[in-house]
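Asks: If you read the sequences in order, they're chains A and B.
For the first sequence, position 51 matches number 51 in full-length UniProt numbering, and the numbering has no gaps at all.
For the second sequence, position 67 matches number 67 in full-length UniProt numbering, and the numbering has no gaps at all.
One should not assume that every hint holds.
Identical chains blur together in the list; that is why a pair holds if it fits in one copy or across any two.
[Claimed, not checked] Below 25 Å or equal to it, Euclidean Cα-Cα: the simulated SDA-like pairs (lysine to any residue) are:
hint : residue 1 : residue 2
1    : K61       : D82
2    : K32       : V22
3    : K58       : V22
4    : K50       : N40
5    : K35       : T62
6    : K32       : G80
Note that these hints are calculated values from the structure, not bench results.
Number of protein chains: 2
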Amino acid sequence: MDKKRGKKSLNINPKSDMTYMVLNEQIERYQKRLKCPICNIEEKNAILTKCFHVFCYKCLKTRYETRQRKCPKCNQNFGGNDYHKIYIE
Amino acid sequence: MDKKRGKKSLNINPKSDMTYMVLNEQIERYQKRLKCPICNIEEKNAILTKCFHVFCYKCLKTRYETRQRKCPKCNQNFGGNDYHKIYIE
Ligand SMILES: [Zn+2]
Ligand SMILES: [Zn+2]
Ligand SMILES: [Zn+2]
Ligand SMILES: [Zn+2]
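So here's chain A without its partners, still in its complex pose:
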């Protein structure tokens, strides 16, 4: 096992390690793009219809309920009718 690689290790032939790393990095970029930038845990599944920035529903609901009612990306105020679940798939 390669101890240098911090992530999930798979048995890979060292000759193809570069390709493996390139593909893995691409996957990580997609995962990051699809994750809520507030919690970095849930997937993006909700939108603020004042500014159309995308987060997860849980985070928007919590922020609404705790009166942090500004978009974390652009500071636009939002109300109870301004956050909605979306279906990216």
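Mind docking chain B with the ligands on chain A? Use the hints.
Replies: Just chain B with the ligands, lined up with the frame of chain A:
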């Protein structure tokens, strides 16, 4: 070069071909998820705020302008103020 593999071919050791395929399939799933399901070309970058289904702006604009004003996913009618650019990232 492996002629059986239809896609972009990279020099991969056959022993790690399975891992390579698994990673590649995952990348393809992400690409599909992020693509507009109408044109399958542009990335998802617009939303219908009647039903919160996601497409590309170009497709929604064309459909609006050619009077095909129903969501392709759920048939909800939409008007000129019901489609908006979004920022998934
Ligand atoms: Zn979140
Ligand atoms: Zn915003
Ligand atoms: Zn499209
Ligand atoms: Zn719809």
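Asks: Each of the hints needs a verdict: does it hold here or not?
Replies: Each hint tested on the structure:
1. K61 with D82: Answer is both: 11 Å inside a copy and 23 Å across each meet the 25 Å cutoff.
2. K32 with V22: both (15 Å within a copy, 19 Å between copies)
3. K58 with V22: Classified as neither; 32 Å inside a copy, 31 Å across copies.
4. K50 with N40: within (22 Å within a copy, 28 Å between copies)
5. K35 with T62: Within one copy only: 17 Å inside a chain, 30 Å across chains, cut-off 25 Å.
6. K32 with G80: Intra 27 Å, inter 32 Å, cutoff 25 Å: neither.
Against the hints set out earlier in the document, violations occur for numbers 3 and 6.
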